[in-house]
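Undergrad: Residues per chain, in single letters:
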Amino acid sequence: MKAVRVLYFASLRELVGKSEDSFAIEVPITGESLWCILNKGIDLPESSLLAINHEYADLQTNIHENDEVAFFPPVTGG
Amino acid sequence: MKAVRVLYFASLRELVGKSEDSFAIEVPITGESLWCILNKGIDLPESSLLAINHEYADLQTNIHENDEVAFFPPVTGG
Amino acid sequence: MNSINIHEGSFDPWHEIISFQNNNLNGVKSYGATASFVGTMRDFNEGDDVVEMVLEHYPLMTQKQLESIVELSIEKWPVQHVLLSHRVGLIQPSDPIVLVVVWSAHRAAAFDACRHIMEELKHKAPFWKKESLLSGESRWVSENTPDTRDN
Amino acid sequence: MNSINIHEGSFDPWHEIISFQNNNLNGVKSYGATASFVGTMRDFNEGDDVVEMVLEHYPLMTQKQLESIVELSIEKWPVQHVLLSHRVGLIQPSDPIVLVVVWSAHRAAAFDACRHIMEELKHKAPFWKKESLLSGESRWVSENTPDTRDN
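Protein chains in written order, with the numbering used here: chain A, 1236 to 1313; chain B, 1236 to 1313; chain C, 21 to 171; chain D, 21 to 171.
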């Protein structure tokens, strides 16, 4: 069991009702599986994005120890 | 014989050694003919432009009484 | 010389350009072209009256993405300097939100890089807008408009 | 609201934008995008060191051409305001020469119209540059670069 930090932003933060999860989990694990374990019963909205260590990543990308993971909706800055 | 005002700008002004001709001439007359009469022995440089009353015109366009005519090289502003 | 700034409060884009030039480009005679873009909050969006907006972001990723966008644009075009600023937090209509400025020797690179940076920012930088409408509702802006460049 | 200005002496493009906004856009909340371009005199051109430059123009035609360029751009894009300024006379390196600013609801129109106005100005407005080189020679700039837009 390894430490992983998970952040939620904008509408996803509101959807899951928390801005952060920080805990130990079996790694490697894909982003998609991580969401399922952490947010049981809440489907990840279709257009959601995943970042691992501040870089965009595919939902199938493996997450490792000490990674910072973030789930968020399409960006709308500028 | 009708009054026509002719202006020269930039390198064409230097080429003909004057910035303006103002005098009476038989009109209508094309821009090309006007240059030949006013600047005997000086060929109009190939890329030269003509304006009649502050609008671009073809060298074959007819010039009429009281028109303001200008000869100048390609523009280089901005 | 590049400068990337996140503003928690209001900022004036024109004074920011003046400061940047005074501090970094004083006496510099090598740039012939400065292209800039300022994005400002409107009081309407998608047919609705908007009274205010909260701009949320993911600070560490924002910084990394903006730096990467600027770096890649400098590799792609002969750009001399880039100034990029973005507002976060509570924003009112007519407040500036984003500023992108590019200095280059010639106009094509300045125009192209400025627009490219702006489009990249719109589609990659982790910012999110939540609008408060005149009707009392609030909503997340769902998506930015597609890339507006021809190519 | 459009403003077209010919400056016989030096002008500061950023303060000109600030003045325009203060005078005309105070409290206006309808524009979301401001695209601008500033052309500045470099101290080099076509491989030579340039020490100063004289910018000649044909005043009545300049005014007419610039007005026409702005009018046509407003017909082509949903533009709210245009500010266009051009310097004439004796100019030193690092002096601003031209300023084009476009305010619009959305960024595509602002970017497109700003660049269009700049290209049209470069190819239609009757301005001519005569450079004084470090070598002591002086020369007329022979031609502007071709239109830099993709289309």
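Derived from the structure by calculation, the hints contain no laboratory data.
Don't take each hint at face value.
When the alpha-carbon atoms are kept at most 35 Å apart in a straight line, the in silico DSBU-like pairs for lysine-lysine are as follows [stated by the list, open to error]:
no.	chain 1	residue 1	chain 2	residue 2
1	C	K49	A	K1237
2	B	K1253	B	K1275
3	C	K96	A	K1253
4	C	K144	D	K84
5	D	K150	C	K84
6	B	K1237	D	K84
7	A	K1253	A	K1275
8	B	K1237	D	K144
9	D	K96	D	K144
10	D	K96	B	K1253
11	A	K1275	C	K49
12	B	K1253	D	K84
13	C	K96	D	K84
14	C	K144	D	K150
15	D	K96	C	K144
16	C	K150	D	K96
17	B	K1253	D	K144
18	C	K96	A	K1237
19	C	K84	A	K1237
20	A	K1275	C	K144
21	D	K144	B	K1275
22	A	K1275	C	K96
23	A	K1253	C	K49
24	C	K84	C	K49
25	D	K150	C	K150
Only a predicted model underlies this, so the values are computations on that prediction, with no experimental measurement involved.
Undergrad: A separate judgement is required for each hint: does it hold in the structure or not?
TA: Hints, one by one, checked against the model:
1. Of the supplied pair hints, the one linking K49 (chain C) and K1237 (chain A) is violated, its CA atoms being roughly 56 Å apart against a limit of 35 Å.
2. For the hint pairing K1253 (chain B) with K1275 (chain B), the CA-to-CA distance comes to about 14 Å; that is within 35 Å, so the pair holds.
3. Distance hint between K96 (chain C) and K1253 (chain A) is unfulfilled; the C-alpha atoms sit about 40 Å from each other, more than 35 Å.
4. For the proposed pair K144 (chain C) and K84 (chain D), the alpha carbon gap of about 43 Å is over 35 Å, so the pair is violated.
5. For the suggested pair K150 (chain D) and K84 (chain C), the alpha carbons sit about 46 Å apart, so the restraint of at most 35 Å is broken.
6. Under the criterion of a C-alpha separation no larger than 35 Å, the hint pairing K1237 (chain B) with K84 (chain D) is consistent with the structure, at around 25 Å.
7. For a cut-off of 35 Å, the pair hint linking K1253 (chain A) to K1275 (chain A) stands: about 14 Å separates their Cα positions.
8. With a C-alpha separation of about 29 Å, the suggested pair K1237 (chain B) and K144 (chain D) falls inside the 35 Å cut-off, and the hint holds.
9. Taking the CA atoms of K96 (chain D) and K144 (chain D), the gap is about 18 Å. The hint holds against a cut of 35 Å.
10. Distance check on the hinted pair: K96 (chain D) and K1253 (chain B) sit about 40 Å apart at the alpha-carbon level, beyond 35 Å; violated.
11. Simply put, K1275 (chain A) and K49 (chain C) have alpha-carbon atoms about 61 Å apart, too far for the 35 Å limit, and the pair is violated.
12. Taken as a hint, the K1253 (chain B) and K84 (chain D) pair is honoured in the structure, with Cα atoms around 24 Å apart against an allowance of 35 Å.
13. The hinted pair formed by K96 (chain C) and K84 (chain D) fails the criterion: a straight-line CA distance of about 38 Å is larger than 35 Å.
14. Simply put, K144 (chain C) and K150 (chain D) have alpha-carbon atoms about 45 Å apart, too far for the 35 Å limit, and the pair is violated.
15. With a C-alpha separation of about 30 Å, the suggested pairing of K96 (chain D) with K144 (chain C) holds against the 35 Å cut-off.
16. Note on K150 (chain C) and K96 (chain D): the hinted pairing holds, with a Cα-Cα distance of about 32 Å set against a maximum of 35 Å.
17. Restraint check for K1253 (chain B) and K144 (chain D): satisfied, since their Cα atoms lie roughly 23 Å apart, inside the 35 Å limit.
18. For the given pair, K96 (chain C) sits about 40 Å from K1237 (chain A) by alpha-carbon distance, which is inconsistent with the 35 Å threshold.
19. For a cut-off of 35 Å, the pair hint linking K84 (chain C) to K1237 (chain A) stands: about 25 Å separates their Cα positions.
20. Our distance criterion of 35 Å between C-alpha atoms is met by K1275 (chain A) and K144 (chain C), whose separation comes to about 28 Å.
21. Proposed proximity of K144 (chain D) and K1275 (chain B) is supported: the alpha carbons are some 28 Å apart, at most 35 Å.
22. For the proposed pair K1275 (chain A) and K96 (chain C), the alpha carbon gap of about 45 Å is over 35 Å, so the pair is violated.
23. Between K1253 (chain A) and K49 (chain C) the alpha-carbon distance is near 52 Å, which puts this suggested pair outside the 35 Å criterion.
24. Among the hinted pairs, K84 (chain C) with K49 (chain C) is consistent with the structure: their alpha-carbon atoms are about 31 Å apart, no more than 35 Å.
25. With a C-alpha separation of about 53 Å, the suggested pair K150 (chain D) and K150 (chain C) falls outside the 35 Å cut-off, and the hint is violated.
Of the numbered hints given earlier, the model fails hints 1, 3, 4, 5, 10, 11, 13, 14, 18, 22, 23 and 25; all others are met.
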